[in-house]
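Line by line, the protein sequences are chains A and B. The numbering used here puts the first sequence at residues 28 to 301. The numbering used here puts the second sequence at residues 45 to 172.
Quick caveat, the hints were computed from the structure, so don't treat them as lab data. C-beta atoms are modelled at their ideal positions from N, C-alpha and C, and glycine is treated no differently. Mixed in with the good hints there might be a few duds.
[What the hints assert, rightly or not] Derived list of chain B stretches under chain A, where covered just means 3 residues or more per stretch with a C-beta under 8 Å from a C-beta of chain A:
#1 67-80
#2 88-99
#3 111-123
In case you want the letters, here they are:
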Amino acid sequence: MLDLLLLTAALLAGFLGAIVGIGGGIVLVPFFALVLHLDMREALATSLVGVVASSLGASAPYLRSGLSNVRLASFLQCGSVCGALLGVVLTGILRASVLQVVFAVFLFVMAALNLWPRSQTPLLPEHPWSKSLHLGGMGTPGEPEPAGVYTVARAPWGLAAMVMAGFFSSLLGIGGGVFQVLALDKIMGVPLRQAVATSSFMMGVSAGAAALALYARGDVRPSLAAPVVVGVLVGARLGARVLPRIPPRGVRTVFAVAVVAIAVRMLVQGVRGW
Amino acid sequence: MKKVFGPDFRRSRPAQKTDDRARSLHTVLAVLNRAGVLGAVALIVAGWVLRLCAQVFPWSQGQAALLLPTHLERYGILLVLVLPSLNQSVVLWILARRGQRVLAGLVCVTLGLVLVLVARAVTGHGPG
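Kindly produce the complete structure, drawing on both the sequences and the hints.
Below, the structure written as structure tokens:
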């Protein structure tokens, strides 16, 4: 019965993740903490396993289509793994109620970001690091936009942003894709489609590192994580199929309202246990 | 050509070579990811099937039969968790073969950090 419940929640997380462009941790962590009443550390660790699975499932088609920029990912992953390391250290130190409050604040930010209108990033000058390491990439042939070659701007700032993304990924049990895509798009000037694809490739490494450490520490329960892995993968596949037929604005609004409701519930629970 | 890649796009022979190399790296990683994910799902589902069999057929309720599904689930999860680092190892190998030392060094640092993190957690010296 529990397996079925987990499978359904993970399916929903994977499905929503594919439609809204997130890792699925936003759905999984509150589900574990509020519905299954798991310890917050176990909830974060098990959710991270789902995030890694969703990242792997999403990155394969992106890699095949050539949208992921592996060189740029290799450069930035160093920062995100450093951040993940810091996050794992803090997860072991902070109290569960503090983690719940931090997660609730993050959910509010997520809901706001989700409803924020998206604007075109202006063209930025290429950073010398990008020139010497050939970090730029190419628009996919046959795609209407972006056309031609793109370069990478403000590389050191992007690297610093990845440290933050990795930190929040392991601290909150999420993929950190929201921060990564924002940093790639708005700070480094990478086109949005390539940013999403590169982020989904990178997410697995930082989340995987944190999840492996938490697994070794005994925070991951295999009996819970196994249905999550299968559910997230199947849900992400379903979501990718349904995506072209759903009006994106409506989905985003419903998602934001649900996230705010979860955030309020989590905040109340966190403050009570303070 | 201009229509597809944009007005500033100039495709020379070295660019074609770089493009082909990038595509081959992408293909290797995509195949690795897909195979790993399928393998992990297969292990987990096999564990579930075995557990179901143990409940349905009384003759398969031995100690080993009850432990095997748990092990299969564990290996499935571990495969998922190790796969991103395997990806990185492939990237490192390819970058090193192409002589791109700076990027290869950065990937080495990333893999080293992952190893340190896991090793400290395994030995109990980790955080928490």
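Evaluation of the provided hints:
1. 67-80: Result for this restraint: holds, n = 9.
2. 88-99: Check passed, 4 qualifying residues.
3. 111-123: holds (count 6)
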